[in-house]
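S.K.: So the chains spell out like this:
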Amino acid sequence: MRGLVITVLALLTGLFCSSVLFLPVIGDPDSAPNQHISPVYISQSELDTGSPNIVTGTLADYRGFDTMWETTVMYLSGLTAVLILSKSTMGRRPEKEDDYE
Amino acid sequence: MMKDPFGGMLLNIAFRLLVPFSLVYAVYVLILGESSPGGGFQAGVVMGFGIILARLILGEDAKIFNVRIGTSLVLAGCGTFIYALAGWLTLVGGGKFLDYSFLPVSMEATHELHALGILMIETGVTICVMMTILNIMDAVVRRSED
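Chains A and B are the protein sequences, given in the same order.
Using this note's numbering, you'd call the opening residue of the first sequence number 1 and step up by one each time.
Using this note's numbering, you'd call the opening residue of the second sequence number 1 and step up by one each time.
Simulated from the structure, these hints should not be mistaken for laboratory data.
Since the model is a prediction, treat every value here as computed from it, not as a measurement.
Think of the CB as a built atom: it goes at the ideal place given N, C-alpha and C, for glycine as much as any other residue.
You may find that some hints are simply not true.
What the hints assert, rightly or not - Cβ-Cβ distance ranges computed for the label pairs, FRET-style:
no.	chain 1	residue 1	chain 2	residue 2	range
1	B	T71	A	V25	46 to 54 Å
2	B	M107	A	T80	34 to 42 Å
3	A	V5	B	D146	44 to 52 Å
4	B	N12	A	V8	32 to 40 Å
5	A	F22	B	L91	16 to 24 Å
6	A	L21	B	L32	52 to 60 Å
7	A	L21	B	N12	40 to 48 Å
8	A	I37	B	L32	25 to 33 Å
9	A	L47	B	F6	52 to 60 Å
10	B	K96	A	S43	16 to 24 Å
11	A	L47	B	L32	40 to 48 Å
Stated by the list, open to error - To give a feel for the contact side, a few chain B residues facing chain A, derived at Cβ under 10 Å:
no.	residue
12	G59
13	D61
14	A62
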């Protein structure tokens with residue numbers, strides 16, 4: 001079981017690391033986002049969102065759905081930290097190894 | 001508050017200077033996040049800093065600034081809910097999810113409604129971040145007390 005987990009994790013890590021090679025160079029003007037998305041956001045942000053701050057316009061308005069789940073992830077991380085650190089035994093493995101399995 | 005000194009000179013000055021300043025500055029960062037650098041996440045961190053500092057100075061049994069772990073867990077969820085509520089309000093107004101032009105309030109469509117929606121979701125983010133920081137601190141404190 002542990003060997004399988006390690007194999008799958010190593011495979012996924014290799015996949016993610018190798019995908020970095022296919023990303024465009026930072027600052028490349030011919031890459032896909034710089035051709036289409038960035039100029040539109042920079043020129044249209046104030047008209048579309050009414051906010052003079054492009055960062056806020058993108059974060060809260062164009063990408064509002066993304067930020068909503070980002071907030072949810074933060075809430076869940078805090079909840080998980082509390083559950084791990086608290087004394088409550090809910091969801092824990094039993095102390096004795098014999099009971100497990 | 002706190003006309004009488006309650007600790008040493010350092011604690012008094014740190015409390016009276018830093019805690020009100022950080023709380024007011026957090027509200028400033030939150031309100032002006034729409035038009036200047038800042039926003040919900042930063043405001044939440046600064047506000048959480050102020051409350052943690054007050055708690056560290058005043059101690060466990062203080063009457064004020066003492067957010068218990070049950071309260072802070074519930075409030076963190078409420079902050080996330082305020083964010084989602086903004087999305088549902090735009091659905092009620094007849095638009096798409098989180099399209100602030102359709103908030104059911106009679107205001108000027110693009111600028112004012114978007115400013116209102118952004119303020120609403122950033123308030124939610126602020127509450128969630130602040131209460132999450134307090135959660136983790138309270139959990140660590142309880143763990144180390146055992």
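S.K.: All the hints need checking, so say for each whether the structure fits it.
M.R.: Do the hints match the structure? See the list:
Against the hinted window of 46 to 54 Å, the Cβ-Cβ separation of T71 (chain B) and V25 (chain A) comes to about 49 Å, which satisfies the hint. Checking the proposed 34 to 42 Å range against M107 (chain B) and T80 (chain A) shows it holds: the Cβ atoms sit about 39 Å from each other. Range check, V5 (chain A) to D146 (chain B): about 31 Å between beta-carbon atoms, so the 44 to 52 Å window is missed. Between N12 (chain B) and V8 (chain A) the beta carbons are some 57 Å apart, a value that contradicts the proposed interval 32 to 40 Å.
For the pair F22 (chain A) and L91 (chain B), the beta carbons lie near 38 Å from each other, so the given range of 16 to 24 Å is not met. Look at L21 (chain A) against L32 (chain B): about 42 Å separates their beta carbons, and that is not inside 52 to 60 Å. Hint check: L21 (chain A) to N12 (chain B), Cβ distance near 58 Å, so the stated range 40 to 48 Å is violated. In this structure the supplied range 25 to 33 Å holds for I37 (chain A) paired with L32 (chain B), their Cβ-Cβ distance being about 27 Å.
For the pair L47 (chain A) and F6 (chain B), the beta carbons lie near 53 Å from each other, so the given range of 52 to 60 Å is met. Taking the beta carbon of each, K96 (chain B) and S43 (chain A) are about 22 Å apart, inside 16 to 24 Å as hinted. Separated by about 21 Å at the C-beta atoms, L47 (chain A) and L32 (chain B) break the suggested range of 40 to 48 Å. For G59 (chain B), the interface hint is violated, the least distance from its beta-carbon to any beta-carbon of chain A being 21 Å, above 10 Å.
With 10 Å as the threshold, the beta carbon of D61 (chain B) stays out of range of chain A, its nearest partner Cβ sitting at about 21 Å, so the hint is violated. Checking A62 (chain B) against chain A by beta carbon gives a least distance of about 21 Å; that is not within 10 Å, so the hint is violated.
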